[in-house]
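**Student:** Below are the chains, spelled out letter by letter.
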Amino acid sequence: MKIAVCVSHVPDTAAKIMVGADGKKIDSNGVAFVLNPYDEYAIEEALKLKEKTGGEVIAISVGGEANKESIRKALAMGIDSAVLLREDDDRDSSGIATALADEIKAQEIELVFFGKQSVDFDNSITGQLTAEILGYNCVSVAVAFSLEGNEITAEREIEGGREVIKTSLPAVITAQKGLNEPRYASLKGIMSAKKKVIEEKTAAPYIKNVELISMKKPASKQAGRILGSDASAVPELVNLLRTEAKVI
Amino acid sequence: MANNILVFIEQRNGQIKKASYEAAKVASELAQKLNCGVHAILLGSAVADAANVGLYGINKVTFFQNENLLNYSSAYADIVSQYAAENNFNILILSNTSLGKDIAPKLAIKANAGIAVDCIDLKVDGEDIVLTRPVYAGKALIDVKITSENKVITLRPNVFNPGEVNGAPAEIETKPIAEVSDKCRAVEIKKAEGKIDVAEADIIVSGGRGLKAPENFKMIADLADLLGAAQGASRAAVDAGWRPHSEQVGQTGKTVSPSLYIAIGISGAIQHMAGMRSSKYIVAINKDKDAPIFQVADYGIAGDAFEVVPALIEEIKKVKSE
Numbered sequence: 001m002k003i004a005v006c007v008s009h010v011p012d013t014a015a016k017i018m019v020g021a022d023g024k025k026i027d028s029n030g031v032a033f034v035l036n037p038y039d040e041y042a043i044e045e046a047l048k049l050k051e052k053t054g055g056e057v058i059a060i061s062v063g064g065e066a067n068k069e070s071i072r073k074a075l076a077m078g079i080d081s082a083v084l085l086r087e088d089d090d091r092d093s094s095g096i097a098t099a100l101a102d103e104i105k106a107q108e109i110e111l112v113f114f115g116k117q118s119v120d121f122d123n124s125i126t127g128q129l130t131a132e133i134l135g136y137n138c139v140s141v142a143v144a145f146s147l148e149g150n151e152i153t154a155e156r157e158i159e160g161g162r163e164v165i166k167t168s169l170p171a172v173i174t175a176q177k178g179l180n181e182p183r184y185a186s187l188k189g190i191m192s193a194k195k196k197v198i199e200e201k202t203a204a205p206y207i208k209n210v211e212l213i214s215m216k217k218p219a220s221k222q223a224g225r226i227l228g229s230d231a232s233a234v235p236e237l238v239n240l241l242r243t244e245a246k247v248i
Numbered sequence: 001m002a003n004n005i006l007v008f009i010e011q012r013n014g015q016i017k018k019a020s021y022e023a024a025k026v027a028s029e030l031a032q033k034l035n036c037g038v039h040a041i042l043l044g045s046a047v048a049d050a051a052n053v054g055l056y057g058i059n060k061v062t063f064f065q066n067e068n069l070l071n072y073s074s075a076y077a078d079i080v081s082q083y084a085a086e087n088n089f090n091i092l093i094l095s096n097t098s099l100g101k102d103i104a105p106k107l108a109i110k111a112n113a114g115i116a117v118d119c120i121d122l123k124v125d126g127e128d129i130v131l132t133r134p135v136y137a138g139k140a141l142i143d144v145k146i147t148s149e150n151k152v153i154t155l156r157p158n159v160f161n162p163g164e165v166n167g168a169p170a171e172i173e174t175k176p177i178a179e180v181s182d183k184c185r186a187v188e189i190k191k192a193e194g195k196i197d198v199a200e201a202d203i204i205v206s207g208g209r210g211l212k213a214p215e216n217f218k219m220i221a222d223l224a225d226l227l228g229a230a231q232g233a234s235r236a237a238v239d240a241g242w243r244p245h246s247e248q249v250g251q252t253g254k255t256v257s258p259s260l261y262i263a264i265g266i267s268g269a270i271q272h273m274a275g276m277r278s279s280k281y282i283v284a285i286n287k288d289k290d291a292p293i294f295q296v297a298d299y300g301i302a303g304d305a306f307e308v309v310p311a312l313i314e315e316i317k318k319v320k321s322e
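Those sequence lines, one after another, are chains D and E.
Quick note on numbering: our numbering labels position 242 of the first sequence as 242, and the sequence is numbered without any gaps.
Quick note on numbering: our numbering labels position 266 of the second sequence as 266, and the sequence is numbered without any gaps.
No lab work stands behind these hints: they were computed from the structure.
These figures come from a predicted structure and were not determined experimentally.
Note that beta-carbon positions come from the ideal geometry of N, C-alpha and C, so glycine has one too.
Hints may be right or wrong, so weigh each one.
[To be verified] Below, in silico cross-link-like pairs of lysine-lysine (DSS-like), each with a Cα-Cα straight-line distance of 27 Å or less: (1) E:LYS289 / D:LYS221; (2) D:LYS48 / E:LYS183; (3) E:LYS110 / D:LYS166; (4) E:LYS183 / D:LYS50; (5) D:LYS246 / E:LYS287; (6) D:LYS166 / E:LYS190; (7) E:LYS218 / E:LYS280; (8) D:LYS105 / D:LYS48; (9) D:LYS2 / D:LYS105; (10) D:LYS52 / D:LYS166.
[Unchecked claim] Examples of chain D residues lying across from chain E (beta carbon under 8 Å, computed): (11) PRO11; (12) ASP120; (13) GLU132; (14) VAL141; (15) GLY160; (16) GLY161; (17) ARG162; (18) ILE165; (19) GLU211; (20) SER214; (21) LYS216; (22) VAL238; (23) ALA245; (24) VAL247.
[Claimed, not checked] Output of the computed footprint for chain D on chain E, the stretches with three or more beta carbons under 8 Å from beta carbons of chain D: (25) 61-74; (26) 289-303.
Let the hints inform the model, and build the full structure from the sequences given.
**Tutor:** Here's what the structure looks like:
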């Protein structure tokens with residue numbers, strides 16, 4: 001069985017984000033980019049499945065040259081091969097989903113894992129969009145997954161609990177933290193990743209339906225008051241919460 | 001083509017979600033500004049409080065009813081998109097709940113619509129609707145507009161005030177569905193043990209590494225219970241295995257905007273603050289007076305949590321009994 005994992009290349013969550021001079025995207029100077037953290041859960045789940053049932057796992061990413069760094073990390077974790085769908089301009093989620101769906105269809109892949117969201121634009125929709133374009137079933141925000149033959153049982157996180165989902169292949173699964181414990185790349189994995197080929201193709205065209213007007217920093221919150229350094233400040237705190245903030 | 005708005009009303013277990021009332025209010029206000037129609041759609045088994053959406057400015061609700069629509073399934077997107085297409089609705093508004101996040105992109109593809117999710121503000125500018133949404137977990141905001149005729153918009157819960165706009169209950173048109181085709185369906189809901197979810201809570205009490213050990217989260221739970229609050233945790237506390245991931249607040253956890261966020265023993269890593277900085281009021285209790293959390297806190301106590309929190313619990317009990 002051939003399994004795909006779609007990966008993205010995003011600013012590290014510890015990065016400070018500043019808006020660039022064009023007022024439309026971030027200033028990426030000095031910002032460290034990493035494999036999207038949620039994609040690690042997607043990769044781990046695909047690798048676990050491959051270890052159980054055999055087959056191959058392919059990583060697919062949409063973007064420019066820089067994405068190769070995250071693709072190499074995926075390869076080092078144990079992914080067999082990779083395709084980079086070249087796009088040097090920014091694409092929105094729909095544009096990325098269109099390109100991914102095109103490649104998944106061409107390769108006739110019936111099980112696709114995503115991270116539940118990329119921690120850049122935080123849309124949390126690329127997996128669902130891709131599934132719908134392909135006409136595949138879809139379980140988003142999965143915290144449990146199992147496959148028996150063609151039948152999928154998964155659990156997705158919802159407010160205050162989990163939904164147990166039954167569905168079947170072909171399917172897209174988007175991974176939430178808690179789905180598994182992603183492995184670290186071994187030294188051997190890192191060495192062999194260097195030799196694996198990243199196939200490059202042009203990303204399929206798409207229709208742009210959303211226009212980004214501007215990007216700005218949120219209004220900075222003013223630091224408040226430190227009321228004290230021990231329990232003696234508690235009555236004042238409770239008083240302020242009741243009379244000034246009126247929240248309790 | 002004239003605009004026509006459809007708002008998706010979500011029920012869980014037959015109860016309409018508060019976030020859907022927020023969406024209803026936003027949809028009715030948008031309809032006024034665009035001078036166009038607005039209608040609500042609801043799917044479920046039996047929904048007792050369906051007429052309540054009228055209190056938020058929506059006069060009519062179409063209720064698709066079948067016992068198999070109690071829980072979410074792929075049938076939801078099929079029914080909503082078919083209804084929207086047949087009745088010429090071009091703007092679809094939903095709340096960005098776990099269900100909303102799952103269904104909205106599917107509806108967008110089915111309708112060839114542009115999609116903007118998790119919006120925190122929406123303005124009409126001539127013909128355009130300008131949507132503001134957080135990116136990079138709130139470290140930046142973007143304004144976008146959807147350029148296609150059909151539009152799907154989801155709204156971040158807990159941001160728009162659902163104040164009632166008129167007193168009339170909505171008229172409900174019930175449409176029984178003979179058969180539900182659901183090739184992807186929720187067969188069971190596993191509830192987390194009687195707790196309020198951080199994503200929906202009005203007050204959150206969060207603990208971090210400063211609490212030193214998992215058993216010390218008892219006082220976080222006690223304070224949360226006392227305030228009717230949800231319990232949250234920092235990534236450090238979750239990664240240490242002290243608390244479940246469902247409680248994690250931050251960039252790789254949940255982004256929250258409650259009325260009150262109390263951070264205890266949390267220093268305020270960038271990724272944590274990204275997830276809670278839009279809270280209306282923030283209280284920080286941390287031993288280190290230089291901790292970054294104090295830069296976003298409205299009120300802080302730079303003291304030992306093991307001393308301050310029990311005193312806080314006693315004080316709140318005291319004022320509650322007065």
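**Student:** None of the hints should be skipped; say for each whether it holds.
**Tutor:** Outcome of the hint check:
no.	hint	verdict
1	E:LYS289 / D:LYS221	holds (18 Å)
2	D:LYS48 / E:LYS183	holds (25 Å)
3	E:LYS110 / D:LYS166	holds (22 Å)
4	E:LYS183 / D:LYS50	holds (25 Å)
5	D:LYS246 / E:LYS287	holds (26 Å)
6	D:LYS166 / E:LYS190	holds (14 Å)
7	E:LYS218 / E:LYS280	holds (25 Å)
8	D:LYS105 / D:LYS48	holds (23 Å)
9	D:LYS2 / D:LYS105	holds (12 Å)
10	D:LYS52 / D:LYS166	holds (20 Å)
11	PRO11	holds (7 Å)
12	ASP120	holds (6 Å)
13	GLU132	holds (4 Å)
14	VAL141	holds (6 Å)
15	GLY160	holds (4 Å)
16	GLY161	holds (4 Å)
17	ARG162	holds (5 Å)
18	ILE165	holds (6 Å)
19	GLU211	holds (5 Å)
20	SER214	holds (5 Å)
21	LYS216	holds (6 Å)
22	VAL238	holds (5 Å)
23	ALA245	holds (4 Å)
24	VAL247	holds (4 Å)
25	61-74	holds (count 3)
26	289-303	holds (count 11)
The earlier numbered hints are all upheld by this structure, with none contradicted.
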